[in-house]
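Student: Letter by letter, the chains look like this.
Protein chains: 2
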Amino acid sequence: MTATANAVNVLSAEKLLDHWQGHRRLTRRMIEAFPEDKLFSFSVGGMRPFSEFVMEFLKMAEPIAKGVATGQWVNREDLGTPKTKAELLRLWDQDTVAINALWPTIPAHRFAEVDKAFGQWEGTGINTILYAIDNEIHHRGQGYAYLRALGIEPPQFYDRS
Amino acid sequence: MTATANAVNVLSAEKLLDHWQGHRRLTRRMIEAFPEDKLFSFSVGGMRPFSEFVMEFLKMAEPIAKGVATGQWVNREDLGTPKTKAELLRLWDQDTVAINALWPTIPAHRFAEVDKAFGQWEGTGINTILYAIDNEIHHRGQGYAYLRALGIEPPQFYDRS
Chain H
80 MTATANAVNV LSAEKLLDHW QGHRRLTRRM IEAFPEDKLF SFSVGGMRPF SEFVMEFLKM
140 AEPIAKGVAT GQWVNREDLG TPKTKAELLR LWDQDTVAIN ALWPTIPAHR FAEVDKAFGQ
200 WEGTGINTIL YAIDNEIHHR GQGYAYLRAL GIEPPQFYDR S
Chain R
80 MTATANAVNV LSAEKLLDHW QGHRRLTRRM IEAFPEDKLF SFSVGGMRPF SEFVMEFLKM
140 AEPIAKGVAT GQWVNREDLG TPKTKAELLR LWDQDTVAIN ALWPTIPAHR FAEVDKAFGQ
200 WEGTGINTIL YAIDNEIHHR GQGYAYLRAL GIEPPQFYDR S
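First to last, the protein sequences are chains H and R.
Be aware that the first sequence starts at 80, since it is given in my numbering, and climbs by one per residue.
Be aware that the second sequence starts at 80, since it is given in my numbering, and climbs by one per residue.
Each hint should be verified, as a subset may be incorrect.
All copies of an identical chain are treated as equivalent in the list; a pair is satisfied when it fits inside any one copy or across any two copies.
Here are the simulated SDA-like pairs of lysine to any residue, each with C-alpha atoms no more than 25 Å apart in a straight line [what the hints assert, rightly or not]:
#1 Lys-162 - Ala-191
#2 Lys-94 - Lys-164
#3 Lys-94 - Pro-186
#4 Lys-195 - Arg-107
#5 Lys-195 - Arg-108
#6 Lys-145 - Arg-107
#7 Lys-94 - Asn-214
#8 Lys-195 - Ser-91
#9 Lys-145 - Phe-236
Simulated from the structure, these hints should not be mistaken for laboratory data.
No experiment lies behind these values; they were computed from the predicted model shown.
Sequences and hints are given; from them, build the entire structure.
Tutor: Below you can see the structure in the form of structure tokens.
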């Protein structure tokens with residue numbers, strides 16, 4: 080008999096970072112795929128434009144990596160939406176580097192430890208990180224619907240390179 | 080100094096199943112939220128109706144749990160789309176039970192082992208499972224755009240109960 084699954088660990092921190100950054104690379108291609116004006120204005124069904132989803136991701140990703148690493152939750156609520164795609168991509172790339180730098184400083188116990196993210200959302204480090212990733216996939220999926228409604232072929236979902 | 084993160088395991092098989100079934104419960108609420116006719120017909124930008132996304136999830140989830148557990152990849156390509164929401168929900172609930180039953184039979188080594196899912200997609204067990212979850216979040220996000228376009232308030236994304 081081989082060991083059964085329930086107690087086994089299935090994901091290392093290193094692979095989780097790869098997984099997250101793979102999704103962030105796809106989101107970056109989505110930002111690039113939007114025509115500049117539509118990025119900041121177009122939506123379906125009264126939802127926010129894709130630029131505002133991206134701002135939400137920026138307010139979660141690096142601050143969550145930092146919060147899980149340090150226990151300090153930095154609120155970026157006053158981070159204004161840039162006026163150009165280039166500036167949005169610059170913020171994106173800046174956080175890609177920052178998350179990679181923060182990652183190996185996360186103390187091992189913090190993934191399982193319960194904390195209150197941004198002083199509000201109680202959860203383990205791993206659950207808070209998974210929430211950030213899932214939220215990005217979720218709103219990015221809505222962005223795919225925006226691009227389709229605009230007649231634009233979105234990037235391939237399975238390509239995380 | 081506490082241990083840093085890269086090598087640490089961050090997710091157990093048991094928690095991954097909780098996470099997946101939480102997402103599947105949200106997707107179930109999405110199926111319920113669609114008016115019956117719109118579930119099988121409505122879309123944005125020429126995409127598939129939400130029922131077809133659900134069929135895709137059904138063709139991936141339980142077969143992937145089984146494939147990772149056993150190495151046998153059962154193709155459900157000929158599973159036709161039901162004609163009613165009730166039947167779609169019945170298939171959904173059937174697989175919820177089946178996935179829960181399969182899960183503890185997954186041999187521990189299979190999460191890290193590379194296999195060719197459905198004879199086509201090479202990846203570790205964990206990556207194949209994460210792909211199924213991410214794909215569900217992605218297309219469900221598109222379903223949120225459909226509901227918004229229909230003027231229907233979708234279920235809360237954060238509620239996985």
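Student: If a hint holds in the structure, say so; if it doesn't, say that too.
Tutor: Going through the hints against the structure:
no.: 1; hint: Lys-162 - Ala-191; result: neither (39 Å within a copy, 44 Å between copies)
no.: 2; hint: Lys-94 - Lys-164; result: neither (30 Å within a copy, 38 Å between copies)
no.: 3; hint: Lys-94 - Pro-186; result: both (16 Å within a copy, 20 Å between copies)
no.: 4; hint: Lys-195 - Arg-107; result: neither (29 Å within a copy, 29 Å between copies)
no.: 5; hint: Lys-195 - Arg-108; result: neither (32 Å within a copy, 27 Å between copies)
no.: 6; hint: Lys-145 - Arg-107; result: within (21 Å within a copy, 34 Å between copies)
no.: 7; hint: Lys-94 - Asn-214; result: both (19 Å within a copy, 18 Å between copies)
no.: 8; hint: Lys-195 - Ser-91; result: both (23 Å within a copy, 22 Å between copies)
no.: 9; hint: Lys-145 - Phe-236; result: between (28 Å within a copy, 24 Å between copies)
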